[in-house]
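Enquirer: These protein sequences, in sequence, are chains D and Y.
Under this note's numbering, the letters of the first sequence match residues 1 to 465, in that order.
Under this note's numbering, the letters of the second sequence match residues 1001 to 1198, in that order.
Don't read these hints as lab results, they were simulated from the structure.
Do not rely on the hints blindly, as some may be mistaken.
[Stated by the list, open to error] Listed below are the simulated SDA-like cross-link pairs for lysine to any residue, each with C-alpha atoms no more than 20 Å apart in a straight line:
#1 K322(D) / H1156(Y)
#2 K1055(Y) / I1016(Y)
#3 K1186(Y) / G52(D)
#4 K322(D) / D1057(Y)
#5 K1192(Y) / Y323(D)
#6 K1192(Y) / W12(D)
#7 K1031(Y) / K166(D)
#8 K1192(Y) / G57(D)
#9 K166(D) / D1161(Y)
#10 K1167(Y) / N1143(Y)
#11 K1031(Y) / D44(D)
#12 K163(D) / F1190(Y)
#13 K1031(Y) / Q86(D)
#14 K163(D) / Y1174(Y)
#15 K1192(Y) / A14(D)
#16 K1186(Y) / I20(D)
#17 K58(D) / H1126(Y)
#18 K259(D) / K1192(Y)
#19 K163(D) / P1164(Y)
#20 K163(D) / K1167(Y)
#21 K10(D) / E1191(Y)
#22 K335(D) / Y323(D)
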Amino acid sequence: MSTKKTLFDKIWDAHVVTTIEGGQDVLYIDRHFIHEVTSPQAFDGLAKRGIGVFRPGKTIATADHNVPTQHQDQPIQEPLSRFQVQKLVENCAQFGVELYGLGHPYQGIVHVIGPELGITQPGMTIVCGDSHTSTHGAFGAIAFGIGTSQVEQVLATQCLLQKRPKRMRITVDGTLQKGVLSKDIILYIIAQLTAAGGTGYFVEYAGSAIRSLSMEARMTICNMSIEMGARGGLIAPDEVTFSYVKGRKFAPQGAAWDKALAYWQTLHSDPDAVFDKEYHFKAEDIEPMVTYGTNPGMGIKVSQTIPEAAAENAQSFGNSLKYMDLQSGESLLGKPIQHVFIGSCTNSRIEDLRLVAEYVKGKKKAPHVQVMVVPGSQQVAAQAKAEGIDQILMEAGFDFREPGCSACLGMNEDKIPAGAYCVSTSNRNFEGRQGPGARTILASPLTAAAAAIAGKIMDVRKVLN
Amino acid sequence: MQQFTTIISTAVPLPIEDVDTDQIIPARFLKATTREGFGENLFRDWRYHADDTPKADFVLNNPIYTGQILVAGRNFGCGSSREHAAWAIQDYGFQVVVSSFFADIFRGNALNNGLLPVQVSDAFLHDIFSAMEANPQTKIEINLENQSITLIKTGHTETFDIDPYKKVCLINGYDDIDYLLSIKDKIVAFEKTIDNRQ
Chain D
1 MSTKKTLFDK IWDAHVVTTI EGGQDVLYID RHFIHEVTSP QAFDGLAKRG
51 IGVFRPGKTI ATADHNVPTQ HQDQPIQEPL SRFQVQKLVE NCAQFGVELY
101 GLGHPYQGIV HVIGPELGIT QPGMTIVCGD SHTSTHGAFG AIAFGIGTSQ
151 VEQVLATQCL LQKRPKRMRI TVDGTLQKGV LSKDIILYII AQLTAAGGTG
201 YFVEYAGSAI RSLSMEARMT ICNMSIEMGA RGGLIAPDEV TFSYVKGRKF
251 APQGAAWDKA LAYWQTLHSD PDAVFDKEYH FKAEDIEPMV TYGTNPGMGI
301 KVSQTIPEAA AENAQSFGNS LKYMDLQSGE SLLGKPIQHV FIGSCTNSRI
351 EDLRLVAEYV KGKKKAPHVQ VMVVPGSQQV AAQAKAEGID QILMEAGFDF
401 REPGCSACLG MNEDKIPAGA YCVSTSNRNF EGRQGPGART ILASPLTAAA
451 AAIAGKIMDV RKVLN
Chain Y
1001 MQQFTTIIST AVPLPIEDVD TDQIIPARFL KATTREGFGE NLFRDWRYHA
1051 DDTPKADFVL NNPIYTGQIL VAGRNFGCGS SREHAAWAIQ DYGFQVVVSS
1101 FFADIFRGNA LNNGLLPVQV SDAFLHDIFS AMEANPQTKI EINLENQSIT
1151 LIKTGHTETF DIDPYKKVCL INGYDDIDYL LSIKDKIVAF EKTIDNRQ
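Whenever a hint applies, use it, and build me the whole structure from the sequences.
Expert: Here it is, written out as structure tokens:
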């Protein structure tokens, strides 16, 4: 048995403190990220119990959901947002937690800063009060989102009570077509499995097409694991992973690096390991993807038309298309759009911005389209400026903003107006997600950039040089 | 946390699938720093027009349907990990959510707050919706001890699963945190064994 373990089980087993009656494990958590929205009630709970943070050095805080993406040097205008961000500052000071808050050079979207600072490492258990914590799985870590009661548990004990999920492996072999990005891979997978197809599972992504991806592209895939209901997704660490981590601020150094590396090299599923469910896809079958409905499973290849409703969910499907003002049988190619949002924990890293800038250079946005580009962190923003990406985007008429979650979730000032279509590189097309009445079409950064220039949805394979 | 035993109540039907936590409580209402008061904005954008007037066709605005049980379509609570979704449902006055499938994080968050997620078969869910449509006063009994859900009038019943540990927690009103704090010594001992790894 011990010779046939999945990657997931190797990491999980290494973190089980004890198992309780009924089968739940007490799982030790190596790294805990917190942000302003899902932590205040957890700190409150500690205060009410009269206890402190058990291992403050293992929790890292940042402000991202509520922050404005303009004028970050000035106080936040919206009183409730300002209060919540201020509460985080106070809680971190009181409980001794490191905070990369507004104005700090490391501030940014929590799932962008963990990896770029080298805090996220292979073999770790990582949690955060945010469902897109699955992002960190790209490093070969068990990373998943938790609720506020669990944030309090981790603050108080560095542990969580968890039932071991089932394991799924999704293998994507082959070579991607030109213009097809990792975002298209994951949108394709979710469209195949549906928004609930991964519920109860932890996913390992494998295969030559996954191996060929950069760390940032792998993060995009793991990030959206939750959109098919899976608690998380992970990818076995390899040379791509190790060279990404090496030399980062909080990565192990010297002898510690050698020791860590030797351990990380054991982190892969054994050849005979058994998964509860397996799926295989061919990279060649994947096209640039777009969503047409109000959950991320409602996606099609850009060359396809919107499907008919299945009998069992006709009402929900109908509601969805009504909200989107789209019809079965309709193609999205050539569909005029009014907004483009490039950002979020899914696609706001430097590689995403480079791809967009490369495509946009020398072009102008369509006059009727508003384009917002929001880098994932201060470090991404600084790098983009050092490379002149901000200039290229601004010359194209794009709005290059300051880091934060921005228009991904309609919580801060960045919202899409009711009825408007927005091609978005974010992760959720739920009703009202980007603002009440907003109509979100999820896509890759390249498809978003092409839509910004053309003012309508394009097949990027046809417009790339 | 409140103790949970048996509930007999009328219910509110929401026959929509894939109800995500952004519908349950939109992000713009997550700015509070306490757990109370989220019920006011439960299903905000389905419940109210942009000018804050109630939408007559939404079930929470229909006085015929009331009760402590919310009955919803499959894959309830998908999306964001916001525990505020469970708080909002509970703050509004529900103690039970019935569906044929729950998203993982929502299920955990609900249980951690004493809100009971009851997963039934698609067929039973269909029967509940039909019974409620025929008679909005349909009473449903949820018995946690027996892990059963019953349509009182017809006696039609089904059992549901719950983690045995969580069941004990709900019946006694315990939190996970109480348990975890009680095994601090074990956690400290475990930490000594992992120093070698990281």
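Enquirer: What are the numbers of the hints the structure violates, in ascending order?
Expert: 1, 5, 7, 17
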